[in-house]
Amino acid sequence: MEPIILKRGRELYKIENYLSEGGYESLRKANTLEPGAIVDIVKKSGLRGCGGAGFPTGTKWGFVPKTPGEKYLCCNGDEGEPGTFKDREIMEEHPHLLLEGISIASRAIGAAAAYLYVRGEYSKAIQRLETALVDAKERNLLTVDIIIHKGGGAYICGEETALLESIEGRRGMPRLRPPFPAVSGLYGKPTVINNVETLSYIPHIILNGPEDFAASGKNKSRGHKIFSVSGHVRHPGNFETTFGITLRELIYEYAGGIRDAKRIKAVIPGGASSAILTEEHLDISMDFESLAEAGTMLGSGGVIVMDEDTCMVRTASVLSRFFCHESCSKCTPCREGTYWLNTVINRIEKGEGVPGDVETLERVCGRMAGRCFCALGEAAINPVLSTIKHFRNEYDFHINERRCTAGGSAW
Amino acid sequence: MVTLKIDEKQITTTAGMTIIEAAKSIGIEIPHFCYHPKLSLSGSCRMCLVEIEGMPKLVTSCTTPVSDNMVVYTKSDKVKKAQEDILALLLINHPLDCPICDKGGECPLQDYTYKYGPGKSEFYDKKWHFEKPVNLSPLIVLDRERCILCTRCVRFQDEVAVQPELIVVEKGYGAYIETTKEEGFTSNFSGNTIELCPVGALTSRQYRFKARPWGIKRVPSVCPHCGCGCNIHIDVRENKMVRLLARENRDVDNGWLCDRGRFGYLFTSSPDRLKTPMIRKDNELVPCTWDEAISKAAGIINKYKEMHSIDSTAGLASPQLTNEELYIFQKFMREVVGTNSIDHSLERYLMIEPPGKTICNGLRRFSFSDIDEADVIVLIGGDPSIDLPILDLRIKKGVNRGAKLYIAGTDEIELCRFAGRHIKAFESYPDLMDTIMRETGEKNKYLVLLNRMMHEEDVETICACMKTYLSGKISMGGWISLGLMLPEANSQGAQDMGVTPFYLPGYKDTGEGSLKGYGVPDKVKCLFLADMEVPDIAGRRRDIDHLISYTPFLNDTARLADVVFPAAVFSETDGTYTNSERRVQRLFKAATPPGEARSLWYLLMSIANALGADWAYGSSQDIMTEISKVNHLYRFITYETIGQGGSYADGTADGTRYYS
Chain A
5 MEPIILKRGR
15 ELYKIENYLS
25 EGGYESLRKA
35 NTLEPGAIVD
45 IVKKSGLRGC
55 GGAGFPTGTK
65 WGFVPKTPGE
75 KYLCCNGDEG
85 EPGTFKDREI
95 MEEHPHLLLE
105 GISIASRAIG
115 AAAAYLYVRG
125 EYSKAIQRLE
135 TALVDAKERN
145 LLTVDIIIHK
155 GGGAYICGEE
165 TALLESIEGR
175 RGMPRLRPPF
185 PAVSGLYGKP
195 TVINNVETLS
205 YIPHIILNGP
215 EDFAASGKNK
225 SRGHKIFSVS
235 GHVRHPGNFE
245 TTFGITLREL
255 IYEYAGGIRD
265 AKRIKAVIPG
275 GASSAILTEE
285 HLDISMDFES
295 LAEAGTMLGS
305 GGVIVMDEDT
315 CMVRTASVLS
325 RFFCHESCSK
335 CTPCREGTYW
345 LNTVINRIEK
355 GEGVPGDVET
365 LERVCGRMAG
375 RCFCALGEAA
385 INPVLSTIKH
395 FRNEYDFHIN
405 ERRCTAGGSA
415 W
Chain B
768 MVTLKIDEKQ
778 ITTTAGMTII
788 EAAKSIGIEI
798 PHFCYHPKLS
808 LSGSCRMCLV
818 EIEGMPKLVT
828 SCTTPVSDNM
838 VVYTKSDKVK
848 KAQEDILALL
858 LINHPLDCPI
868 CDKGGECPLQ
878 DYTYKYGPGK
888 SEFYDKKWHF
898 EKPVNLSPLI
908 VLDRERCILC
918 TRCVRFQDEV
928 AVQPELIVVE
938 KGYGAYIETT
948 KEEGFTSNFS
958 GNTIELCPVG
968 ALTSRQYRFK
978 ARPWGIKRVP
988 SVCPHCGCGC
998 NIHIDVRENK
1008 MVRLLARENR
1018 DVDNGWLCDR
1028 GRFGYLFTSS
1038 PDRLKTPMIR
1048 KDNELVPCTW
1058 DEAISKAAGI
1068 INKYKEMHSI
1078 DSTAGLASPQ
1088 LTNEELYIFQ
1098 KFMREVVGTN
1108 SIDHSLERYL
1118 MIEPPGKTIC
1128 NGLRRFSFSD
1138 IDEADVIVLI
1148 GGDPSIDLPI
1158 LDLRIKKGVN
1168 RGAKLYIAGT
1178 DEIELCRFAG
1188 RHIKAFESYP
1198 DLMDTIMRET
1208 GEKNKYLVLL
1218 NRMMHEEDVE
1228 TICACMKTYL
1238 SGKISMGGWI
1248 SLGLMLPEAN
1258 SQGAQDMGVT
1268 PFYLPGYKDT
1278 GEGSLKGYGV
1288 PDKVKCLFLA
1298 DMEVPDIAGR
1308 RRDIDHLISY
1318 TPFLNDTARL
1328 ADVVFPAAVF
1338 SETDGTYTNS
1348 ERRVQRLFKA
1358 ATPPGEARSL
1368 WYLLMSIANA
1378 LGADWAYGSS
1388 QDIMTEISKV
1398 NHLYRFITYE
1408 TIGQGGSYAD
1418 GTADGTRYYS
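Protein chains in written order, with this note's numbering: chain A, 5 to 415; chain B, 768 to 1427.
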């Protein structure tokens, strides 16, 4: 399968190389098309958001009012979801592809300016993007004003409305919806926020037509997806495939299987916010629908693989601490709930748990579920409940024996 | 209009109203913390979650507008579970401070926990702690452990006071409220955050540990500190004022108070309050009985009536006194003492009221609510943030709504940030008004606010200029409203009651006005001071034979008096104030004055009767009855019609009033 985005080994971050391989041709073609036509092409392609929510991209673009006026495109390069590092490779190695995608998307929605929000910790990506921007501007290749905005280090700023707040110079906390960003977003103007990977598929779709992209995939998940595989595998990294490969293929064929000939124990399939899967789920098709049916989610495609020596209580503890630390403090259930979960799980992990603690964790998750202002609080529940569901015995062992079944520490 | 069902009750209401407001309008309470009708929506506390038929998740009723055929449940099992959940979560880190927390007894968190919360806690771990308490300012103290981050205080400062001095810092469980300025919480509206705070996080330092809400007597009154006349609640415990709270009056203060008004009450229970009259014996002031003092004062006045010309007696009364006291004061000085030399100010002041002066007629009489409708607001001199702080808030809101603000003839003031144009200097008033009119030709609703140091000639010029545009604006459906910014609580009342050498009550000309100046006359021999301090009195004391002082404190002026009477303060008397929009509002007596202190009208009645008069006022209501007969401007005023919301002096209900 020929990759659309991750074309490796040709130093495509250098503009000469990108141009020699047909770079910016798609943008030239897009500039001859009506904005409405571009939107239709993307709708036909079936492209869905790659940041986690999986919303159909063409549909989102279609929400922007057609009346003239200020509009913005925001590219979400905050990539905060643990286990996800696909956007990092795209921004570092294929910055021009991203800039081209941003330009085409801006034309489609009528935006004269685009903000590229990059996670502040990605210094190399920022460097490569800034150079690429200068090079492309020098050659008058871009049709939209692109501004790179560095994030200050908060997971919540990957949430689209918190991202807008951050660009506007405010504390990154999510906004009330409605109004939705397509109607009132950045500075109150119609705004579309798209993930880095999503925008990077756009040049191919415009140049080669939507049917090509839509031809591959499974169910309603069409085209390609980049999965970031990390954890106890031989070859961690980003892998671009089509929707529909199985989890087993992804782990054992692409990522080389479990290292040191260990057995697989658990897999996080779609970033820290997704419920974990176990060995019995390995033949699941990696697409939005199949994973949702199995009670988890494709999310950002961040696949974290854990072997037999992993302590699942420790896994839950690390993830709980993440959500607790990253809660923005806006809403009661997330702010207090993540603190509660983190405190109890930490105690259990250290061997200070008491009988009833697991029931407490389940009850706290029940108090938070469906009550939070944004997806962060809702997501914090998943690692806790799914590790309890599949590995209750480990929790009980920690509580009753004050020891860990897995012996050593996790990852 | 939309029709929907809430808890099986059908209701028809305007589209766009939120569910929580619609429920409130039919008497259904939905618990909430972060929501406040005067602030922007937050939707963050999650306490107001309700169930809507057909929707999988509960929604926040404060952010969701009603729609046709919506079916809402505020008491279903799902909702009850959610309410219990949110309270359980709030209480895990909230300190168990109730026994020592000032909010106890009037605390929504306490009340909701009783009604909707879990019976016991399941959190056995360590609560998160903050250093506490933290003094944000000399007035406000913050307890960060109690704070539930509802952000009402932050939003109030950002949106209403427009002095963004509070922010949330850090994130997650470690987040807390901090001031943006190193000097602390300096906003002159900071006290409102105390009333907004739904828990005991922001509290008053003055009120700290002083009382419990169930042991307090609450009396409605009016703030005595400026000409806005903000409505207040006076909270009294064991005859001492322990705090002042806002008493919402949409037309005046809209539920807010400035810090001067809210915290300026400690003087009422100062140990230095005079409790007995004093008399000068052997050149020293000594306490004496009421009768001794009355007879001494009567004797002095009598002597002057018989021996000197009536010109040499004068009286000054404070514009913080009530209408009733001021009316009796001028009646006493004119009928009993026989002099017209009375005033309520040491300096010159402006009067635009007197009829027969046709300068303002045809122009609309200023109501605070004009600020809410005006297209153009013109401030000439003066600084509302000092003189009439609540007007500051109202004008900021007006500008936010789209009014264009012109500030003329002042240095940099707080409102300049909001001004469309700040005109520091101008050629002449007609020039100024013409410029403004020219720049705003397409607008039709104007409000012009004058300051009281202006000269009558200037006001005449301004009015003459405005009247040339008047018919044009009226034909466009607009109006031109004129107001005078009077900084004291009852300056307007003092003028109306004739405490000026120029006019009797109701502005009947005394005919002697041109012979008098303002303030203390040069040739005075006997001076009666009713709660007035005269800074240069020491230098003039040798020329003044007799000084009678009515005062709550033995201040520098009173120390030089021959007779001193202890005064009641605003909270110790029934009466009325007339504010800068000529609204008459009632003060209710909240505490008894200390010792033998009395209202001024009672004192003057005693002296008058000692001099042979036959006054028989039983209460301030009796006095108002007489005022309404004597002063035609107050002919519609009775205590019943004023009630607790006040009423315009000319009796109109909707505030559309004109100068005549």
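The hints are simulated quantities; they were obtained by calculation from the structure and are not laboratory data.
Any given hint could turn out to be false.
[What the hints assert, rightly or not] Derived DSSO-like pairs (lysine-lysine); straight-line CA-CA distance at most 27 Å: (1) A:LYS154 / A:LYS70; (2) A:LYS393 / B:LYS824; (3) B:LYS887 / B:LYS805; (4) B:LYS948 / B:LYS984; (5) B:LYS1292 / B:LYS1070; (6) B:LYS805 / B:LYS1212; (7) B:LYS1007 / B:LYS1063; (8) A:LYS141 / A:LYS11; (9) B:LYS1356 / B:LYS1292; (10) A:LYS33 / A:LYS141; (11) B:LYS845 / B:LYS887; (12) B:LYS899 / A:LYS224; (13) B:LYS848 / B:LYS893; (14) A:LYS224 / A:LYS11; (15) B:LYS1210 / B:LYS1171; (16) B:LYS1063 / B:LYS1292; (17) B:LYS842 / A:LYS193; (18) A:LYS354 / B:LYS938; (19) A:LYS154 / A:LYS11; (20) A:LYS33 / A:LYS47; (21) B:LYS1171 / A:LYS193; (22) B:LYS1191 / B:LYS1164; (23) B:LYS899 / B:LYS848; (24) B:LYS938 / A:LYS154; (25) B:LYS1275 / A:LYS354; (26) B:LYS1290 / B:LYS1275; (27) A:LYS354 / B:LYS848; (28) B:LYS776 / B:LYS848; (29) B:LYS1210 / B:LYS1240; (30) B:LYS848 / A:LYS193; (31) B:LYS1048 / B:LYS977; (32) B:LYS845 / A:LYS393; (33) A:LYS393 / B:LYS848.
Cross-check of the supplied hints:
1. Of the pairs offered as hints, the one joining LYS154 (chain A) and LYS70 (chain A) is violated, with about 30 Å between alpha carbons and a cut-off of 27 Å exceeded.
2. Of the supplied pair hints, the one linking LYS393 (chain A) and LYS824 (chain B) holds, its CA atoms being roughly 23 Å apart against a limit of 27 Å.
3. Restraint check: the Cα-Cα separation between LYS887 (chain B) and LYS805 (chain B) comes to about 34 Å, which exceeds 27 Å; the hinted pair is violated.
4. For the hint pairing LYS948 (chain B) with LYS984 (chain B), the CA-to-CA distance comes to about 37 Å; that exceeds 27 Å, so the pair is violated.
5. Of the supplied pair hints, the one linking LYS1292 (chain B) and LYS1070 (chain B) holds, its CA atoms being roughly 11 Å apart against a limit of 27 Å.
6. At most 27 Å may separate the alpha-carbon atoms for a hinted pair to count; LYS805 (chain B) and LYS1212 (chain B) meet this at roughly 25 Å.
7. Among the hinted pairs, LYS1007 (chain B) with LYS1063 (chain B) is inconsistent with the structure: their alpha-carbon atoms are about 32 Å apart, more than 27 Å.
8. With a C-alpha separation of about 23 Å, the suggested pair LYS141 (chain A) and LYS11 (chain A) falls inside the 27 Å cut-off, and the hint holds.
9. Pair hint LYS1356 (chain B) plus LYS1292 (chain B) does not hold up; C-alpha atoms about 35 Å apart against a cutoff of 27 Å.
10. Note on LYS33 (chain A) and LYS141 (chain A): the hinted pairing holds, with a Cα-Cα distance of about 18 Å set against a maximum of 27 Å.
11. Restraint check: the Cα-Cα separation between LYS845 (chain B) and LYS887 (chain B) comes to about 20 Å, which is no more than 27 Å; the hinted pair holds.
12. In summary, the hint linking LYS899 (chain B) to LYS224 (chain A) is not supported, as the alpha carbons are separated by about 55 Å, beyond the 27 Å threshold.
13. Taking the CA atoms of LYS848 (chain B) and LYS893 (chain B), the gap is about 25 Å. The hint holds against a cut of 27 Å.
14. Between LYS224 (chain A) and LYS11 (chain A) the CA atoms are separated by roughly 25 Å; this keeps the pair inside 27 Å, and the hint holds.
15. Between LYS1210 (chain B) and LYS1171 (chain B) the CA atoms are separated by roughly 10 Å; this keeps the pair inside 27 Å, and the hint holds.
16. Using a Cα cut-off of 27 Å, the hinted pair LYS1063 (chain B) and LYS1292 (chain B) holds, with the two alpha carbons roughly 16 Å apart.
17. Taken as a hint, the LYS842 (chain B) and LYS193 (chain A) pair is broken in the structure, with Cα atoms around 38 Å apart against an allowance of 27 Å.
18. Restraint check for LYS354 (chain A) and LYS938 (chain B): satisfied, since their Cα atoms lie roughly 25 Å apart, inside the 27 Å limit.
19. Distance hint between LYS154 (chain A) and LYS11 (chain A) is fulfilled; the C-alpha atoms sit about 26 Å from each other, no more than 27 Å.
20. The suggested pairing of LYS33 (chain A) with LYS47 (chain A) holds, with an alpha-carbon distance near 18 Å, which does not exceed 27 Å.
21. At most 27 Å may separate the alpha-carbon atoms for a hinted pair to count; LYS1171 (chain B) and LYS193 (chain A) meet this at roughly 24 Å.
22. A C-alpha spacing of about 23 Å is found between LYS1191 (chain B) and LYS1164 (chain B), which places the hinted pair at or below 27 Å, so the restraint holds.
23. Distance restraint check for LYS899 (chain B) and LYS848 (chain B): the Cα-Cα separation of roughly 33 Å exceeds the 27 Å cut-off, and the hinted pair is therefore not satisfied.
24. Taken as a hint, the LYS938 (chain B) and LYS154 (chain A) pair is honoured in the structure, with Cα atoms around 19 Å apart against an allowance of 27 Å.
25. Our distance criterion of 27 Å between C-alpha atoms is broken by LYS1275 (chain B) and LYS354 (chain A), whose separation comes to about 89 Å.
26. As the CA atoms of LYS1290 (chain B) and LYS1275 (chain B) are separated by approximately 25 Å, the hinted pair is consistent with the 27 Å bound.
27. Annotation: proposed proximity of LYS354 (chain A) to LYS848 (chain B) is violated, straight-line Cα distance about 32 Å (limit 27 Å).
28. Proximity of LYS776 (chain B) to LYS848 (chain B) is assessed by CA-CA distance (about 22 Å); at most 27 Å being required, the pair is judged to hold.
29. Annotation: proposed proximity of LYS1210 (chain B) to LYS1240 (chain B) holds, straight-line Cα distance about 8 Å (limit 27 Å).
30. Taking the CA atoms of LYS848 (chain B) and LYS193 (chain A), the gap is about 38 Å. The hint is violated against a cut of 27 Å.
31. Our distance criterion of 27 Å between C-alpha atoms is broken by LYS1048 (chain B) and LYS977 (chain B), whose separation comes to about 41 Å.
32. The suggested pairing of LYS845 (chain B) with LYS393 (chain A) holds, with an alpha-carbon distance near 24 Å, which does not exceed 27 Å.
33. With a C-alpha separation of about 23 Å, the suggested pairing of LYS393 (chain A) with LYS848 (chain B) holds against the 27 Å cut-off.
Checked against the numbered hints above, the structure breaks hints 1, 3, 4, 7, 9, 12, 17, 23, 25, 27, 30 and 31 and satisfies the rest.
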